[in-house]
Amino acid sequence: MLEAALTGGFWISVLQIIAIDILLGGDNAIVIALACRRLPEKQRRQGIFWGVVGAIGLRVILIFFALQLLAIPFLKIVGGALLLWIGVKLLQPESEGEHGQVDGSTHLFGAIRTIIIADAVMSLDNVIAVAAAAKGDLTLVIFGILVSIPIVVWGSKFVLKLMDRLPVVITFGGALLGWIAGDMLLGDAVIKPYVAGLPGWLKYAASVTGACSVVMVGTWLARRAMRPRAVEVLSSGRHVGGGDGK
Amino acid sequence: MLKVLVPVDGSANSDRVIDHLMREHGSGEAVELHLLNVQIPVDSGHARMFVSGGDVEAYHREEGMQALRKAREKLDAADMTYTWHVAVGHVADTIVRLARELDCDRIVMGTHGRSALTHLLLGSVASEVSRSASVPVMLVK
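Protein sequence lines, in the order shown, are assigned to chains R and W. Throughout the first sequence, residue numbering follows my numbering, covering 1 to 246 in sequence. Throughout the second sequence, residue numbering follows my numbering, covering 247 to 387 in sequence.
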């Protein structure tokens, strides 16, 4: 661990993990808030609190399993493939008509159930990405979880704004996930022996291939899904006063 | 009649925009005011899977009305006529497009929103709007 800390690779992993936490953790808090919308005020605060606690707890549990599982042959290949998919999905614009049929629950238990399922799914992609970026370094794994906490608790509005003001951040995030995925694929117990004797640049070639394929497939799909549409006005109204020019 | 689109985000800066408009148009010159709050869509990624479209929409509407509240109170108090809109989308893009759709003559908006940090890191919506709008953009500090 100490040796790793002294090389540049450590700090690159740190930056990667922060970027992943921001990109994949931002919507967690929003989903929690939305799931609790229909609860009475007092229960809503309880629901949000336990939802956030659950999101963080699930990250800790999932990352523990992820680290164990990734040592098993083939599972890094699965993880790498999942990461490529997560990257491509990140690049897709929001689309209409694809909403789940789950309406916000009006009672605390129902809301918490929605939150736990949502937390599990949302933590999973974050955990796979963080585990891949950390490459088994426990310091980095713990760091990744610690960084994601403030983002889950407070960061959602900022992450939304970030993506609104600088859409290129999303493309960058997709590329980053592809990059990590390429690296992870080569690290699988099955593939490792074959690449062990090959030159070091192969690792970068795999990463570059991963990054490029995510960005290309992602933008291609996004462009196909995009259609020009009118400004989406949710509601509007008019107030007629007597004080101004008639 | 002069048609003005006024993007509002509920910040102190957008309050000053309303003050300015009231000083300028409160009496005398007739003006058609269109207040607009744009909500950034949250239903990218996961919200889509776990929350119904109606809930997301209701959330956006609530937040939008909240952002418009202070501006509307000011105009109501002055008994001025105005139209308000809550829209969802990319903020600068939506402002520019609605200005075109409503055929506005001018956009009047604040230079910065609520958070100084966001402004510092991301630049302002105002500068993006003034770059891409096809009508004059007036900025109020």
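Fair warning: there could be bad hints in the mix.
Listed next, the in silico SDA-like pairs over lysine to any residue satisfying Cα-Cα at most 25 Å (straight line) [unchecked claim]:
(1) 157(R) - 18(R)
(2) 320(W) - 234(R)
(3) 157(R) - 374(W)
(4) 320(W) - 387(W)
(5) 249(W) - 236(R)
(6) 316(W) - 236(R)
(7) 157(R) - 313(W)
(8) 89(R) - 287(W)
(9) 135(R) - 232(R)
(10) 249(W) - 135(R)
(11) 157(R) - 256(W)
(12) 89(R) - 315(W)
(13) 42(R) - 298(W)
(14) 157(R) - 286(W)
(15) 157(R) - 241(R)
(16) 316(W) - 232(R)
(17) 192(R) - 309(W)
(18) 249(W) - 238(R)
(19) 249(W) - 240(R)
(20) 203(R) - 50(R)
(21) 320(W) - 236(R)
(22) 192(R) - 287(W)
(23) 135(R) - 192(R)
(24) 203(R) - 12(R)
(25) 42(R) - 312(W)
(26) 387(W) - 166(R)
(27) 42(R) - 374(W)
(28) 249(W) - 343(W)
(29) 42(R) - 387(W)
(30) 157(R) - 249(W)
(31) 135(R) - 50(R)
(32) 157(R) - 376(W)
(33) 203(R) - 68(R)
(34) 157(R) - 309(W)
(35) 42(R) - 315(W)
(36) 89(R) - 316(W)
(37) 157(R) - 311(W)
(38) 249(W) - 232(R)
No lab work stands behind these hints: they were computed from the structure. These figures come from a predicted structure and were not determined experimentally.
We went through each hint and held it up to the structure:
Taking the CA atoms of residue 157(R) and residue 18(R), the gap is about 17 Å. The hint holds against a cut of 25 Å. Between residue 320(W) and residue 234(R) the alpha-carbon distance is near 23 Å, which keeps this suggested pair within the 25 Å criterion. Restraint check: the Cα-Cα separation between residue 157(R) and residue 374(W) comes to about 20 Å, which is no more than 25 Å; the hinted pair holds. A threshold of 25 Å between alpha carbons decides the hint, and for residue 320(W) with residue 387(W) the separation of about 18 Å falls inside it, so the pair holds.
With a CA separation close to 16 Å, the supplied pair residue 249(W) and residue 236(R) stays within the 25 Å bound. Annotation: proposed proximity of residue 316(W) to residue 236(R) holds, straight-line Cα distance about 16 Å (limit 25 Å). The suggested pairing of residue 157(R) with residue 313(W) holds, with an alpha-carbon distance near 14 Å, which does not exceed 25 Å. Pair hint residue 89(R) plus residue 287(W) holds up; C-alpha atoms about 16 Å apart against a cutoff of 25 Å.
Taken as a hint, the residue 135(R) and residue 232(R) pair is broken in the structure, with Cα atoms around 44 Å apart against an allowance of 25 Å. Distance hint between residue 249(W) and residue 135(R) is unfulfilled; the C-alpha atoms sit about 58 Å from each other, more than 25 Å. Distance check on the hinted pair: residue 157(R) and residue 256(W) sit about 15 Å apart at the alpha-carbon level, within 25 Å; holds. With a CA separation close to 36 Å, the supplied pair residue 89(R) and residue 315(W) exceeds the 25 Å bound.
Using a Cα cut-off of 25 Å, the hinted pair residue 42(R) and residue 298(W) holds, with the two alpha carbons roughly 22 Å apart. In summary, the hint linking residue 157(R) to residue 286(W) is supported, as the alpha carbons are separated by about 9 Å, within the 25 Å threshold. A distance of roughly 35 Å separates the Cα atoms of residue 157(R) and residue 241(R); the hinted pair therefore is violated under the 25 Å criterion. Between residue 316(W) and residue 232(R), the direct Cα distance comes to roughly 23 Å. Compliance with the 25 Å bound is thereby established for this hinted pair.
The straight-line distance between the Cα atoms of residue 192(R) and residue 309(W) is roughly 51 Å, outside the 25 Å bound, and the hint therefore fails. A C-alpha spacing of about 14 Å is found between residue 249(W) and residue 238(R), which places the hinted pair at or below 25 Å, so the restraint holds. Distance check on the hinted pair: residue 249(W) and residue 240(R) sit about 15 Å apart at the alpha-carbon level, within 25 Å; holds. Distance check on the hinted pair: residue 203(R) and residue 50(R) sit about 41 Å apart at the alpha-carbon level, beyond 25 Å; violated.
Between the alpha carbons of residue 320(W) and residue 236(R) the distance comes to roughly 18 Å, so the proposed pair stays at or under 25 Å and holds. For the hint linking residue 192(R) to residue 287(W), the alpha-carbon distance of about 43 Å lies beyond 25 Å, and the restraint is violated. Annotation: proposed proximity of residue 135(R) to residue 192(R) holds, straight-line Cα distance about 14 Å (limit 25 Å). A threshold of 25 Å between alpha carbons decides the hint, and for residue 203(R) with residue 12(R) the separation of about 15 Å falls inside it, so the pair holds.
Note on residue 42(R) and residue 312(W): the hinted pairing holds, with a Cα-Cα distance of about 20 Å set against a maximum of 25 Å. Between the alpha carbons of residue 387(W) and residue 166(R) the distance comes to roughly 23 Å, so the proposed pair stays at or under 25 Å and holds. Distance restraint check for residue 42(R) and residue 374(W): the Cα-Cα separation of roughly 40 Å exceeds the 25 Å cut-off, and the hinted pair is therefore not satisfied. Of the supplied pair hints, the one linking residue 249(W) and residue 343(W) holds, its CA atoms being roughly 15 Å apart against a limit of 25 Å.
Of the pairs offered as hints, the one joining residue 42(R) and residue 387(W) is violated, with about 39 Å between alpha carbons and a cut-off of 25 Å exceeded. Taken as a hint, the residue 157(R) and residue 249(W) pair is broken in the structure, with Cα atoms around 32 Å apart against an allowance of 25 Å. Using a Cα cut-off of 25 Å, the hinted pair residue 135(R) and residue 50(R) is violated, with the two alpha carbons roughly 30 Å apart. Taken as a hint, the residue 157(R) and residue 376(W) pair is honoured in the structure, with Cα atoms around 24 Å apart against an allowance of 25 Å.
Annotation: proposed proximity of residue 203(R) to residue 68(R) holds, straight-line Cα distance about 23 Å (limit 25 Å). Only pairs whose Cα atoms come within 25 Å are accepted, and residue 157(R) paired with residue 309(W) is accepted, the gap being roughly 12 Å. For the given pair, residue 42(R) sits about 24 Å from residue 315(W) by alpha-carbon distance, which is consistent with the 25 Å threshold. Proximity of residue 89(R) to residue 316(W) is assessed by CA-CA distance (about 38 Å); at most 25 Å being required, the pair is judged violated.
Proximity of residue 157(R) to residue 311(W) is assessed by CA-CA distance (about 17 Å); at most 25 Å being required, the pair is judged to hold. The suggested pairing of residue 249(W) with residue 232(R) holds, with an alpha-carbon distance near 20 Å, which does not exceed 25 Å.
Comparing the model with each numbered hint stated earlier shows that hints 9, 10, 12, 15, 17, 20, 22, 27, 29, 30, 31 and 36 do not hold.
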